[in-house]
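**Student:** Taken in order, these protein sequences are the chains called A, B, C and D. For the first sequence, position 57 (counting from the first letter as 1) is numbered 57 according to the numbering used here, and the numbering increases by one without interruption. Take any residue in the second sequence, count from 1 to its spot, add 1000: that is its number in the numbering used here. Take any residue in the third sequence, count from 1 to its spot, add 2000: that is its number in the numbering used here. Take any residue in the fourth sequence, count from 1 to its spot, add 3000: that is its number in the numbering used here.
Be aware that one or more of the hints could be misleading.
[Stated by the list, open to error] Ranges between beta-carbon positions, derived for each pair:
{"#": "1", "chain 1": "C", "residue 1": "Leu2066", "chain 2": "A", "residue 2": "Ser270", "range": "45 to 51 angstroms"}
{"#": "2", "chain 1": "A", "residue 1": "Ala230", "chain 2": "D", "residue 2": "Ala3024", "range": "29 to 35 angstroms"}
{"#": "3", "chain 1": "D", "residue 1": "Ala3104", "chain 2": "A", "residue 2": "Asp33", "range": "52 to 58 angstroms"}
{"#": "4", "chain 1": "C", "residue 1": "Leu2066", "chain 2": "D", "residue 2": "Pro3314", "range": "56 to 62 angstroms"}
{"#": "5", "chain 1": "A", "residue 1": "Ser317", "chain 2": "D", "residue 2": "Thr3201", "range": "55 to 61 angstroms"}
{"#": "6", "chain 1": "A", "residue 1": "Asn105", "chain 2": "C", "residue 2": "Leu2066", "range": "20 to 26 angstroms"}
[Claimed, not checked] In the DSS-like style, the derived pairs of lysine-lysine whose C-alpha atoms are separated by at most 30 angstroms in a straight line are:
{"#": "7", "chain 1": "D", "residue 1": "Lys3225", "chain 2": "D", "residue 2": "Lys3309"}
{"#": "8", "chain 1": "A", "residue 1": "Lys225", "chain 2": "B", "residue 2": "Lys1309"}
{"#": "9", "chain 1": "B", "residue 1": "Lys1309", "chain 2": "A", "residue 2": "Lys309"}
{"#": "10", "chain 1": "B", "residue 1": "Lys1225", "chain 2": "B", "residue 2": "Lys1309"}
{"#": "11", "chain 1": "A", "residue 1": "Lys309", "chain 2": "A", "residue 2": "Lys225"}
{"#": "12", "chain 1": "C", "residue 1": "Lys2225", "chain 2": "D", "residue 2": "Lys3309"}
{"#": "13", "chain 1": "A", "residue 1": "Lys309", "chain 2": "B", "residue 2": "Lys1225"}
{"#": "14", "chain 1": "D", "residue 1": "Lys3309", "chain 2": "C", "residue 2": "Lys2309"}
{"#": "15", "chain 1": "B", "residue 1": "Lys1309", "chain 2": "A", "residue 2": "Lys226"}
{"#": "16", "chain 1": "D", "residue 1": "Lys3226", "chain 2": "C", "residue 2": "Lys2309"}
{"#": "17", "chain 1": "C", "residue 1": "Lys2309", "chain 2": "C", "residue 2": "Lys2225"}
{"#": "18", "chain 1": "D", "residue 1": "Lys3309", "chain 2": "C", "residue 2": "Lys2226"}
Just so you know, the hints here were simulated from the structure itself, not pulled from any lab data. Beta carbons: idealized from backbone N, C-alpha and C, even for Gly.
Protein chains: 4
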Amino acid sequence: MRAVTFQGLEQVRVEEKPEPELVAGDDAIVQVDTSAVCGSDLHIYHGRVPVEEGFTIGHEFVGTVLAVGDDVDRVGIGDRVVGCFHTACATCTPCLRGDYHRCANGQTFGHGSHLGNLQGAQAERLLVPRANLTLRRVPESVSSDVALFAGDVMGTAFHAISYGGMRSGDTVAILGLGPVGLCAVQAAFAGGAVQVFAIDTVAERLEMAASFGATPLHLTEQDAKKEVRAATGGAGVDVAVDAVGNPEPLALAISLARDVGTVSGIGAYSGRMEVPLGLAWLKGLSLRLGVANVIAHVDHVLDLLEAGKLDPAPLVSHHMSLDQAPEAYQLYDAREALKIILTP
Amino acid sequence: MRAVTFQGLEQVRVEEKPEPELVAGDDAIVQVDTSAVCGSDLHIYHGRVPVEEGFTIGHEFVGTVLAVGDDVDRVGIGDRVVGCFHTACATCTPCLRGDYHRCANGQTFGHGSHLGNLQGAQAERLLVPRANLTLRRVPESVSSDVALFAGDVMGTAFHAISYGGMRSGDTVAILGLGPVGLCAVQAAFAGGAVQVFAIDTVAERLEMAASFGATPLHLTEQDAKKEVRAATGGAGVDVAVDAVGNPEPLALAISLARDVGTVSGIGAYSGRMEVPLGLAWLKGLSLRLGVANVIAHVDHVLDLLEAGKLDPAPLVSHHMSLDQAPEAYQLYDAREALKIILTP
Amino acid sequence: MRAVTFQGLEQVRVEEKPEPELVAGDDAIVQVDTSAVCGSDLHIYHGRVPVEEGFTIGHEFVGTVLAVGDDVDRVGIGDRVVGCFHTACATCTPCLRGDYHRCANGQTFGHGSHLGNLQGAQAERLLVPRANLTLRRVPESVSSDVALFAGDVMGTAFHAISYGGMRSGDTVAILGLGPVGLCAVQAAFAGGAVQVFAIDTVAERLEMAASFGATPLHLTEQDAKKEVRAATGGAGVDVAVDAVGNPEPLALAISLARDVGTVSGIGAYSGRMEVPLGLAWLKGLSLRLGVANVIAHVDHVLDLLEAGKLDPAPLVSHHMSLDQAPEAYQLYDAREALKIILTP
Amino acid sequence: MRAVTFQGLEQVRVEEKPEPELVAGDDAIVQVDTSAVCGSDLHIYHGRVPVEEGFTIGHEFVGTVLAVGDDVDRVGIGDRVVGCFHTACATCTPCLRGDYHRCANGQTFGHGSHLGNLQGAQAERLLVPRANLTLRRVPESVSSDVALFAGDVMGTAFHAISYGGMRSGDTVAILGLGPVGLCAVQAAFAGGAVQVFAIDTVAERLEMAASFGATPLHLTEQDAKKEVRAATGGAGVDVAVDAVGNPEPLALAISLARDVGTVSGIGAYSGRMEVPLGLAWLKGLSLRLGVANVIAHVDHVLDLLEAGKLDPAPLVSHHMSLDQAPEAYQLYDAREALKIILTP
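Looking at chain A on its own, in the form it has when it is part of the complex (with noise of 0.2 angstroms):
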């Protein structure tokens, strides 16, 4: 089967591969039908990750169920499937407290064998295990490209959301309006944000942001910390989300949450960074910090999608083949889409 592979500091080629083969009672095989390049696949693609060469990357998918173990129960074969970016075993003491993000046994797809060795989604057919936690029944009226968000990027927004403790009532700042920041902005709204502040620099996404019924915010041209200010009388916002990574926009979170308020980072943080803590102490925040349980919440993302209450499908910017990964990859590369969605 065709496959899209990793060869090296920013290459990809499609290759074929040898098709999956089911091994343990709760795998599953599934016919790709729809794929996606997403951020963490710019980390490997700029071997920031490290990647086995040749090793099939992707962790995004929606597709069919062609084969499955004895175990499996909760999917069956035919059925239109969306997958979570990883696996998790269920059993062990991060996953006995709920917390699949951080099981001991989890593998990433797509993220070669430092992450579980774990062949990826950008492929004609995949090996899915840990099938009945992992893949769920894609609802009829929602559309592949809208369900594949589920599994990763509606899933972290999502989690900024809920794991920042979000309200009903309460007003969120969200800076970075990448797709994971722009999903935030639909998942602050769904769950009952009465404002939801959207900074980020560049105007298409500002656009795309107040389209979602967001008060845009231009980081460099507008003075956010005073217009957020301003419209909550001074107080700051309840819920802070950082989706960008960098101790900046750390401290403007830090900045624009209110007293006792809740900072979310979803962004991915890397080696020490400098802060502003000594505000953060002052203010009695709380930092929540860390990578989605997409996992826990899969379900719930997937009903508000199906209600229609998140609907990500203005992200896609392009449809491509799955034969056009490289040009993708550089498309990607080049912040010239938000979501490229690829099929067979």
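Dock chains B, C and D against the given chain A, drawing on the hints supplied.
**Tutor:** This is chains B, C and D only, laid out in the frame that chain A set:
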């Protein structure tokens, strides 16, 4: 000034009463522009809640601040304000925990001496103690009819959903579509409910719930349990709200809730009740009961009203003058009105 | 091998039964060193819970792992382990939420075909499915008698306190001083209770509760409500645990709880019950009902046992051999034993 | 009356100051029987917190009520009372949420005009505004030395544990064994910690922590990370408390916390700090920062002191007279005292 007074069983009268006067430093005097007749007023009307003859009744109001004591700093003279239906001292043990609805020193407007001896809001003018805690400025874009709901009915509905632990993406059932139940439909959707089952026997109320997005279920002509199960994959709803307060709806709420779900009992329970607690135990349910903590919610509710996420305007079925109060009570008692607004 | 089997109303017998065999990859076989008779066993004994004749009963056990399937990685051959009283699949919707006690595919040991058709633990050897989720290594310093409680009685007591939302510094009332109630006294103190009122009619049980630090209150010879009020400044307790499961103790729990407090109903409720929900509503109580989520708690409970913060050893009133099971059941049924440990 | 006043860098003096007088209805005058020198006082002493020359300092006190305004109902003349280190208005938005430590109108005793212009407690007598919120009767069995901790140091320690989300059965690490850190060891055990790692470099403080039941770890002579991992099966602690407030202990706290655990930062952070947020993000940590909400905790802390579950008596290293305040400050500044109690 003119005021509506209780005069004995099913008798109210508009009488001349003395003008209210500031006493404590945190008192305010409000010129009542908008008041309303509430379900609780009927308890007085029918003698179920004992109120002295000649006592001014009513506890829902929007008005204009005429005078304030030295310690009042959250509202000022000339402000259009909405009031909560009761006061709280803010310093007793329940208040210190944030349980303002169980304040040891609280007073309820218009409920006679046994609930704090505080004259009611169906009057031209009103003394409001603890004004910093009880009064809120009404945002300019919110009509007085709509704002009035924040101080009682919508605050109660918001409490039913919030205390019920509803999360974004949940399913909800509302039993009883009086004003509180109808507002709870809105509060559930505002907070991210994906489906709200609205259950009653009155066609008009079911229609109104449907117009808010709910799935109407006729209590006697449909099998609510079967319908809810079918729509939720057999699981039941995450949160079932009993907005009636009798054993039958509570029993149905218990049967509609999913395992380890919540039943939020906001309807006024009385005395001993026989309910299927065996089933509730088997399911591991939480039954969260009680009157609403309106003071804790009023800011969020006003923000949601201003954002248009909540809009009780369709519930206002009648506008009448204060002088028509006797007719208003008869109309409301005959269940011919959903919400009657009184203006001077 | 020898095993205790149900033989009809108030009849148990030690019989020869076939040896258990590994079937699934996450199965284990345990050599049972220590089992026990539990209050739930009496429901079977009296025919209230239907179990087939000849079915092996018992669900509390500590033993040594004899064999494991390929997927078992949390315990190994030779480990001394304690088991939870039921299994869970870890992947159904309730399990995904962490509600292992409401698993759609769970099996309870020794409760016949209607609760999963899983042979019981009052036997020489036992098949344990889902061993990764169900079995835990016993810390060296914890005796088997004590460890056994982690899988059922102490786990249930811990759940009553934890699900009841008890916080450090709270006051608690425990109604009913059977094994679960007595363990709940310990669990409350372990979690920071400042005062625990222990209510029963049996002098020995009141004395044992007092030896754990509780304030004993004789149900009929003292006025529990008056005593609790006097000791709590009129407020009532933060958490009231009903460890009986009848309307009377639940009614008393409701009257003992403080405003906006919690009643934790861990006793087995059945059918319809008439209770003062009017009072519960007036107080704004949460009633948190249900069987315990022992799997979710077992690690914390074992840690507390190892730390000596919980110590159910005084509850063990009898040690008998497996062959004496018929006498053990008679003794327990006659309420002459608090906890009977069976050894091969 | 005599009072300890700030006189410029590292200078305090006992001076004659005017007697306090009742102004507002909720004021009280307290005869200070017991006050203390606190770490915060050193910030003033060293000029890091600006206080006017001649301002009376001190914010920890136990005393006897001499006079009360008309609105004071929680304490009365002659009561022995403990005070919280700051006041709160109870009606601003943060107070309404229960965040008394971020009150918009709060005043801190003895911190000069920039923190509310409220004269301090190292004096013979003290004006206490908002007495209903700030003062509590001391239970008879609790000594004044011990009760004094409820209003600041122990309340802060309790907050660190409680805001850190510690649950019964958890493991905890405390970094920094000053008075707050040592009290946090006790607060952790009181709330059900099974193991508390106490980390510092001072042998006496490690010994005291060990005497409270903690596992002492010498910061430089032992490898805290390695020891904690070994003792927790590689997982790390559920809650890591930084009671120092510098980047190094915060970094260590991040490395000691388990996945999806909590770091509770109670030490005073200042300005920008460089910390390993990449690791915190990878682990999915919550960093809960800030000054303590002592008013919210004071009743629970007093109950725990009365129950003997908390006992800071061993921390009192010196008793001195008010007139010896200059020596007391020198001693404390030289780190030769753990807690100095001042009596008139």
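**Student:** Indicate, hint by hint, whether the structure satisfies it.
**Tutor:** Hints, one by one, checked against the model:
{"no.": "1", "hint": "C:Leu2066 <-> A:Ser270: 45 to 51 angstroms", "in the structure": "holds (48 angstroms)"}
{"no.": "2", "hint": "A:Ala230 <-> D:Ala3024: 29 to 35 angstroms", "in the structure": "holds (33 angstroms)"}
{"no.": "3", "hint": "D:Ala3104 <-> A:Asp33: 52 to 58 angstroms", "in the structure": "holds (56 angstroms)"}
{"no.": "4", "hint": "C:Leu2066 <-> D:Pro3314: 56 to 62 angstroms", "in the structure": "violated (51 angstroms)"}
{"no.": "5", "hint": "A:Ser317 <-> D:Thr3201: 55 to 61 angstroms", "in the structure": "holds (56 angstroms)"}
{"no.": "6", "hint": "A:Asn105 <-> C:Leu2066: 20 to 26 angstroms", "in the structure": "holds (25 angstroms)"}
{"no.": "7", "hint": "D:Lys3225 <-> D:Lys3309", "in the structure": "holds (29 angstroms)"}
{"no.": "8", "hint": "A:Lys225 <-> B:Lys1309", "in the structure": "holds (25 angstroms)"}
{"no.": "9", "hint": "B:Lys1309 <-> A:Lys309", "in the structure": "holds (13 angstroms)"}
{"no.": "10", "hint": "B:Lys1225 <-> B:Lys1309", "in the structure": "holds (29 angstroms)"}
{"no.": "11", "hint": "A:Lys309 <-> A:Lys225", "in the structure": "holds (29 angstroms)"}
{"no.": "12", "hint": "C:Lys2225 <-> D:Lys3309", "in the structure": "holds (25 angstroms)"}
{"no.": "13", "hint": "A:Lys309 <-> B:Lys1225", "in the structure": "holds (25 angstroms)"}
{"no.": "14", "hint": "D:Lys3309 <-> C:Lys2309", "in the structure": "holds (13 angstroms)"}
{"no.": "15", "hint": "B:Lys1309 <-> A:Lys226", "in the structure": "holds (26 angstroms)"}
{"no.": "16", "hint": "D:Lys3226 <-> C:Lys2309", "in the structure": "holds (26 angstroms)"}
{"no.": "17", "hint": "C:Lys2309 <-> C:Lys2225", "in the structure": "holds (29 angstroms)"}
{"no.": "18", "hint": "D:Lys3309 <-> C:Lys2226", "in the structure": "holds (26 angstroms)"}
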